[in-house]
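Sequences listed follow chains A and B, in order.
First residue of the first sequence: 1, per the working numbering; consecutive thereafter.
First residue of the second sequence: 1, per the working numbering; consecutive thereafter.
Careful: at least some of the hints might be erroneous.
Computed from the model, here is a short list of chain B residues facing chain A with C-beta under 10 Å [claimed, not checked]:
id: 1; residue: His47
id: 2; residue: Val69
id: 3; residue: Ala74
id: 4; residue: Glu83
id: 5; residue: Leu88
id: 6; residue: Leu114
id: 7; residue: Leu192
id: 8; residue: Phe240
id: 9; residue: Ala254
id: 10; residue: Val257
id: 11; residue: Lys281
id: 12; residue: Leu282
id: 13; residue: Val288
id: 14; residue: Gly292
id: 15; residue: Gln293
id: 16; residue: Leu295
Beta-carbon label-pair distances, calculated as ranges [unchecked claim]:
id: 17; chain 1: A; residue 1: Gly95; chain 2: B; residue 2: Leu10; range: 42 to 52 Å
id: 18; chain 1: A; residue 1: Gln42; chain 2: B; residue 2: Gly43; range: 12 to 22 Å
id: 19; chain 1: B; residue 1: Phe299; chain 2: A; residue 2: Ala65; range: 48 to 58 Å
id: 20; chain 1: B; residue 1: Arg182; chain 2: A; residue 2: Leu64; range: 50 to 60 Å
id: 21; chain 1: A; residue 1: Ile92; chain 2: B; residue 2: Val46; range: 44 to 54 Å
id: 22; chain 1: A; residue 1: Gln44; chain 2: B; residue 2: Leu10; range: 24 to 34 Å
id: 23; chain 1: B; residue 1: Ile266; chain 2: A; residue 2: Gln14; range: 39 to 49 Å
id: 24; chain 1: A; residue 1: Leu54; chain 2: B; residue 2: Leu118; range: 21 to 31 Å
Which bits of chain A does chain B cover? Going by a derived footprint, with three or more residues having C-beta under 8 Å, they are [what the hints assert, rightly or not]:
id: 25; region: 27-36
id: 26; region: 105-116
Treat the hints as calculated values from the structure; they're not laboratory data.
Note that the Cβ used here is the ideal one computed from N, Cα and C, for glycine as well.
Now for the letters of each chain:
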Amino acid sequence: MENVPSASTAETKQLGRWVHWTLMIGVAVSGLLLALGLVLLQIQGQAAQPAVSLRPWPLLQNALAGFGEAWIWLGLLALMLTPIVRVAALAIGWGRLGDYRFMFVALVVLILLGLSISLGVG
Amino acid sequence: MDHLSPLALLVAGLSGLGTGALGAILGSGGGVFLIPILVVGLGVPVHFAVATSIVSVIATSSAVASSNVERGTANMRLGMTLEVATALGAISGGLFAGAISPQLLEGLFAVVLLPTALLMWRGVTEHIQRATSARGSAVEKQAIQRAAAAAASAAPPPELGALGARYQDATERAVVAYRVLRLPAGLFISLLAGMLSGLLGIGGGVFKVPALHLACGVPMKAAAATSNFMIGVTAAASAFLYLGRGEIRPSLTAAVVLGILAGSFIGTALNQRIQSVAVRKLFSVLLVAVAGQMLYRAFAGN
Chain A
1 MENVPSASTA ETKQLGRWVH WTLMIGVAVS GLLLALGLVL LQIQGQAAQP AVSLRPWPLL
61 QNALAGFGEA WIWLGLLALM LTPIVRVAAL AIGWGRLGDY RFMFVALVVL ILLGLSISLG
121 VG
Chain B
1 MDHLSPLALL VAGLSGLGTG ALGAILGSGG GVFLIPILVV GLGVPVHFAV ATSIVSVIAT
61 SSAVASSNVE RGTANMRLGM TLEVATALGA ISGGLFAGAI SPQLLEGLFA VVLLPTALLM
121 WRGVTEHIQR ATSARGSAVE KQAIQRAAAA AASAAPPPEL GALGARYQDA TERAVVAYRV
181 LRLPAGLFIS LLAGMLSGLL GIGGGVFKVP ALHLACGVPM KAAAATSNFM IGVTAAASAF
241 LYLGRGEIRP SLTAAVVLGI LAGSFIGTAL NQRIQSVAVR KLFSVLLVAV AGQMLYRAFA
301 GN
């Protein structure tokens, strides 16, 4: 976008690129994890999978042990966290550009997303 | 519980492919098509289908929004502002999912959607926009002229306001500039769209795009891009509630998400070659389809 009163066009375009790459990396990483997990799960079978745990350390241990379902969960969590990282990137970016009004708006959205995580899995 | 045969995974992936492409073209998450396919076609229980849909719309939004942000069609400032309302709505919708009858809400929205779809199909909405935002049209013309000068001086035209924007429309080969009108109306409709998203597992783009276009005067293409930009956060706000309730089936969701990612890239490529009129008419059909689905569910009590 080129409509930022408090920042130059180049800086705003740079912020757009940040967001672009944040989303692209999030989608690519989650896609790779999901594909790997699906392949492993088909090879291993559902019966071979350990009990599901979404706590970070047990989930990582199951993934490192090669269990497909754990890789799928990592992919799903990476995907669900991608929009949150995008909001955080914009909050930081707007803050760096001195655009504090929209930095504050992004922080409010981040607080709401934190509330959702807390209510859901906290 | 979660085991699916390779054929079922393939069908789930193809379902995701189709809905992802459609969602990218129409500016919606595609959940309105995905949920019936999963429930009717694959026999997935509806609450699991809703959870799958809400995660898959994050994928659609992230994939499509990354391209739209790079092209400049997604209005990040407007999107972030409206995300406050959609996130709040999605959380409250997700929390009250068990207490509020979705049938009643679906029926009410279907009644609202049908005349909206008819108006959009006939192009009346564009006339309404021109008639009601004459000030905006004049500003738009001036802003386009100033856009060329601003490109050299890096000084954006002040008439666009804090939330207005301009972008290069590849299909119309012009710089399109707009001022955002009636923000409170956009916030209110975004709140309702977020609540519906939390309740039904849809992205809510079908409500946000017409709202941004009709109420806020945002051009259709920018409205669709900004809606897609917002949908990821809206869906994420309620996805963690579904995750906490254990309603996400990992392998089913993974297959659908991978299909949707592929479909989103196909749809994004097609979207650049489609005129705004075609987008509007396609969106009208989508609204009728959603209304029919909602009416059926409301009357069937399913």
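Status of the hints after comparison with the structure:
1. His47: Violated: closest Cβ of chain A sits about 15 Å from B:His47, beyond 10 Å.
2. Val69: Holds: closest Cβ of chain A sits about 5 Å from B:Val69, inside 10 Å.
3. Ala74: 8 Å, holds
4. Glu83: At about 5 Å, which falls below the 10 Å cut-off, the nearest Cβ of chain A leaves the hint on B:Glu83 intact, so it holds.
5. Leu88: 6 Å, holds
6. Leu114: 31 Å, violated
7. Leu192: Interface hint status for B:Leu192: violated (16 Å vs cutoff 10 Å).
8. Phe240: 3 Å, holds
9. Ala254: 4 Å, holds
10. Val257: With Cβ-Cβ at 6 Å, under 10 Å, it holds.
11. Lys281: B:Lys281 check fails; min Cβ-Cβ to chain A is 27 Å, beyond 10 Å.
12. Leu282: Because about 24 Å separates B:Leu282 from the closest Cβ in chain A, which is outside the 10 Å limit, the hint is violated.
13. Val288: At 29 Å from the nearest chain A Cβ, B:Val288 fails the 10 Å test, so the hint is violated.
14. Gly292: Since chain A brings no Cβ nearer than about 30 Å to B:Gly292, farther than 10 Å, the hint is violated.
15. Gln293: 25 Å, violated
16. Leu295: B:Leu295 check fails; min Cβ-Cβ to chain A is 30 Å, beyond 10 Å.
17. A:Gly95 with B:Leu10: 42 to 52 Å: 46 Å, holds
18. A:Gln42 with B:Gly43: 12 to 22 Å: 20 Å, holds
19. B:Phe299 with A:Ala65: 48 to 58 Å: With Cβ atoms ~50 Å apart, the hint holds.
20. B:Arg182 with A:Leu64: 50 to 60 Å: With Cβ atoms ~53 Å apart, the hint holds.
21. A:Ile92 with B:Val46: 44 to 54 Å: Given a distance of about 39 Å, which is not inside 44 to 54 Å, the answer is violated.
22. A:Gln44 with B:Leu10: 24 to 34 Å: 19 Å, violated
23. B:Ile266 with A:Gln14: 39 to 49 Å: Given about 29 Å between the Cβ atoms, the range is violated.
24. A:Leu54 with B:Leu118: 21 to 31 Å: With Cβ atoms ~46 Å apart, the hint is violated.
25. 27-36: holds (count 5)
26. 105-116: holds (count 8)
The structure is inconsistent with the numbered hints 1, 6, 7, 11, 12, 13, 14, 15, 16, 21, 22, 23 and 24, although it conforms to all the rest.
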